[in-house]
Amino acid sequence: MSDAPPESAPLDNSQLLVEIRQEVERRRASGDLPAEMERELDRTFAEFAPVDALDANFDTIVSKIERSAVIDLSPSVVSAYPGAAQMKQVVAKATAFYVRHVATQASSLFQGVARALRLLGERVDELELSKGAGDPARWRELEGLPEARWSPSSAVSWDDYVLEQLGAPSGRVLHTHAGDGHLVRRLIDAGYEAYGVEPVADVALAASDVVPDVRAMAAADHLRILPPGSLTGLVLSGLVEVVTPASLVELVGLAASSLAKGGTVVVLSAHPDAWRRAGPPLAVDLAPGRPVHPETWETLLARAGFVDVTTRLGFREQLAEVAGSDAACNDNFARLAAAVFGPADFAVRARRPL
Amino acid sequence: MTAVHQFLPVYAARSAIGNHTDQVARTLRSLGLTSEIYATSAWRARRGHVKDWHEYTGPLRGEPTWLLYQLSTGSSMADALAARPEPKLVNYHNITPVPMMAPWEPSLVSELADGRRQMGDLSSSAALAVADSSFNGAELTAVGYRRVVVVPVLVDLDALGSAADAGVGRRLAQAKSAGGADWLFVGRLAPNKCQHEVVKAFALYRRCFDPRARLWLVGGSSSPRYSAALERFVAALGLGSSVTMTGSVSQAALVSYYRGADVFVCLSRHEGFCVPLLEAMWHRVPVVALASSAVPETLGSAGVLLPEGSDNSLVAASVHRVLDDASLRDVLVAAGLARVEEFSLARTRTRFADTMADLLAGSG
Numbered sequence: 008m009s010d011a012p013p014e015s016a017p018l019d020n021s022q023l024l025v026e027i028r029q030e031v032e033r034r035r036a037s038g039d040l041p042a043e044m045e046r047e048l049d050r051t052f053a054e055f056a057p058v059d060a061l062d063a064n065f066d067t068i069v070s071k072i073e074r075s076a077v078i079d080l081s082p083s084v085v086s087a088y089p090g091a092a093q094m095k096q097v098v099a100k101a102t103a104f105y106v107r108h109v110a111t112q113a114s115s116l117f118q119g120v121a122r123a124l125r126l127l128g129e130r131v132d133e134l135e136l137s138k139g140a141g142d143p144a145r146w147r148e149l150e151g152l153p154e155a156r157w158s159p160s161s162a163v164s165w166d167d168y169v170l171e172q173l174g175a176p177s178g179r180v181l182h183t184h185a186g187d188g189h190l191v192r193r194l195i196d197a198g199y200e201a202y203g204v205e206p207v208a209d210v211a212l213a214a215s216d217v218v219p220d221v222r223a224m225a226a227a228d229h230l231r232i233l234p235p236g237s238l239t240g241l242v243l244s245g246l247v248e249v250v251t252p253a254s255l256v257e258l259v260g261l262a263a264s265s266l267a268k269g270g271t272v273v274v275l276s277a278h279p280d281a282w283r284r285a286g287p288p289l290a291v292d293l294a295p296g297r298p299v300h301p302e303t304w305e306t307l308l309a310r311a312g313f314v315d316v317t318t319r320l321g322f323r324e325q326l327a328e329v330a331g332s333d334a335a336c337n338d339n340f341a342r343l344a345a346a347v348f349g350p351a352d353f354a355v356r357a358r359r360p361l
Numbered sequence: 056m057t058a059v060h061q062f063l064p065v066y067a068a069r070s071a072i073g074n075h076t077d078q079v080a081r082t083l084r085s086l087g088l089t090s091e092i093y094a095t096s097a098w099r100a101r102r103g104h105v106k107d108w109h110e111y112t113g114p115l116r117g118e119p120t121w122l123l124y125q126l127s128t129g130s131s132m133a134d135a136l137a138a139r140p141e142p143k144l145v146n147y148h149n150i151t152p153v154p155m156m157a158p159w160e161p162s163l164v165s166e167l168a169d170g171r172r173q174m175g176d177l178s179s180s181a182a183l184a185v186a187d188s189s190f191n192g193a194e195l196t197a198v199g200y201r202r203v204v205v206v207p208v209l210v211d212l213d214a215l216g217s218a219a220d221a222g223v224g225r226r227l228a229q230a231k232s233a234g235g236a237d238w239l240f241v242g243r244l245a246p247n248k249c250q251h252e253v254v255k256a257f258a259l260y261r262r263c264f265d266p267r268a269r270l271w272l273v274g275g276s277s278s279p280r281y282s283a284a285l286e287r288f289v290a291a292l293g294l295g296s297s298v299t300m301t302g303s304v305s306q307a308a309l310v311s312y313y314r315g316a317d318v319f320v321c322l323s324r325h326e327g328f329c330v331p332l333l334e335a336m337w338h339r340v341p342v343v344a345l346a347s348s349a350v351p352e353t354l355g356s357a358g359v360l361l362p363e364g365s366d367n368s369l370v371a372a373s374v375h376r377v378l379d380d381a382s383l384r385d386v387l388v389a390a391g392l393a394r395v396e397e398f399s400l401a402r403t404r405t406r407f408a409d410t411m412a413d414l415l416a417g418s419g
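For the protein sequence lines, the chains are F and P, in the order given.
Residue 8 is where the first sequence starts when you use this note's numbering, and the numbers rise one by one after that.
Residue 56 is where the second sequence starts when you use this note's numbering, and the numbers rise one by one after that.
Since the hints were made in silico from the structure, they are not lab data.
Ideal Cβ positions, reconstructed from N, Cα and C, are used throughout, including at glycine.
Treat the hints with caution; some may be incorrect.
[What the hints assert, rightly or not] Listing some non-contacts, in silico: residues in chain F with all C-beta distances to chain P over 12 Å:
1. Arg28
2. Gln29
3. Pro41
4. Leu48
5. Asp49
6. Thr51
7. Phe52
8. Ser83
9. His108
10. Arg122
11. Ala309
[Stated by the list, open to error] Here are the simulated distance ranges between beta carbons:
12. Asp107(P) / Val314(F): 54 to 62 Å
13. Asp216(F) / Ala228(P): 43 to 51 Å
14. Gly312(F) / Pro152(P): 31 to 39 Å
15. Tyr105(F) / Val164(P): 24 to 32 Å
16. Val164(P) / Gly90(F): 42 to 50 Å
17. Glu47(F) / Trp98(P): 57 to 65 Å
18. Pro17(F) / Ala228(P): 47 to 55 Å
19. Arg84(P) / Leu80(F): 16 to 24 Å
20. Pro119(P) / Thr67(F): 19 to 27 Å
21. Gly199(P) / Phe117(F): 42 to 50 Å
22. Gly293(P) / Ser83(F): 19 to 27 Å
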């Protein structure tokens, strides 16, 4: 079949993928390619896969255990060998009473374990609610918390800073909680192979007007499935600030493993205005997580093995532009701003060691 | 005369490692070396072609002898070889990572884990390790091999691809006459090769682009539990008449499947090299593949390479684009043929022969 290859232009895989992703988004928007169908396919395969082969959540796994607790007492008796099928039938009938006796006890045990797991899960849910922990997205659903509360900084654009820190375009860059996709767009325009994830499905869909690849999923969920070292740049923003402390530590660990050697992570803080924004009292008062100080990010990143960790404060940079090069004056402005306006928004940048 | 004998746990004719072992034997003999193949068991082998490894008792008197171990799984053979005094070489084809196989085939865990352990054990006594790919080479280096050379799998595509099975060809042509594209993936049914992801992408493709499309999954099974789950999955999706799992097929039938295919879709998460990519390109079948493990370096820029973590909608849309865009298909076919040329048997044999010649010259 193989002959001398004809001459042809080389394939631009990156550009091709951009075009194909745009096609996917168009079809998703039109309903031709429903995202729900992908999830349904995953769920269907999960029914036949062993529990420990699933990359699934607690409820999915417990559901699978519940289904597995009912033991099938009708083994296949087909065989390609002559007489073997009849032999299997005889053995199945002869041992049926004993197998049923054992299976009934085993089923009872498994059903009891599954029920206990369900109850345990419900207790954990209650604990999370009472302690204000857990998934912020669920709180938003429960309390009708306005989306705006969780928006990333809007007063100061960090886009230029991010571009500056990422350096020359190479490899893949991920923006978690990409929102409307404007930063991903900037990165793509600047020559990066960039994409985003956004936990709010509607927001992710709207972002597809701006960029070809913003996926509807949470930061940690996406980072978990990435192969180690597959990113050269990672921008964490938005919801990453308000997860539980344990999730925050996990997120930093995932960032470390997903970045290649020499890769850069930039953490963009939520703007203080976002924290002062009004909402339903119950939702505001019981919202999980807290704004994270830059020092905390610095510590977490350093502990995860990042080096060259630096913080840049938003307000001070703005004041410096107003006040020119007078350092003492800048410091006074910064102190005054901190007293009047509260904490500044900030960005923390760190790199994986080479 | 110097001898370099090959050892492998299981020799299976027509398998990638079986074919490679045969080609290595020819290459070694072409260098004027004595070379036999020893295995614990042999499948479909010509009489006398492969010897029971217990027959190997040591070097002939005065004959410098090297032992070349084809490493792809765990085996008691590896431990026995490690204890032998002859200088050793390792040809590493990678070992399926335990976490990928363990949930499906717990009984294979010890074999795979043994393979990883033995890979490490042999590092101190192996004078040289040959890796199919840089991906494999990096694993060898990580466990302590001091001298690692990358030489791709030796495969004679011209010989393997020449004869087709007319019966299979007729059946495929008959299916094609009803319209619809033919997807193909070739490889053992195994969880790390992710045929279930191919089925998912195929289901999306049929729903959105081509309701008459067919999928052919060609290859035997290395996990009965995974194969059963895959069959039930296909049935649950109502794709029983459009997805065919052929099982192990003859070389001629394999050629027919490649000739009948419109696109080769590889969503495997773990490949040490992936010979079927070369076969597909040799047969002018455009490739859509996930950029995992050694796939990117085998495929080069000759296929649509999807980033790891891509969803199946992207796979389906990529296949649609390849089949719908004639100019893109032409580019991929041309690039594939050029890529295959880089892995031609003449080139890989020369690289292997040069590597061996350097080693033997250096050993005095």
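- Message: Which constraints among the numbered hints does this structure fail? Numbers only, ascending.
- Response: Violated hints (numbers, rising): 1, 2, 3, 4, 5, 6, 7, 8, 14, 16, 17, 18, 19 and 20; every other hint is consistent with the structure.
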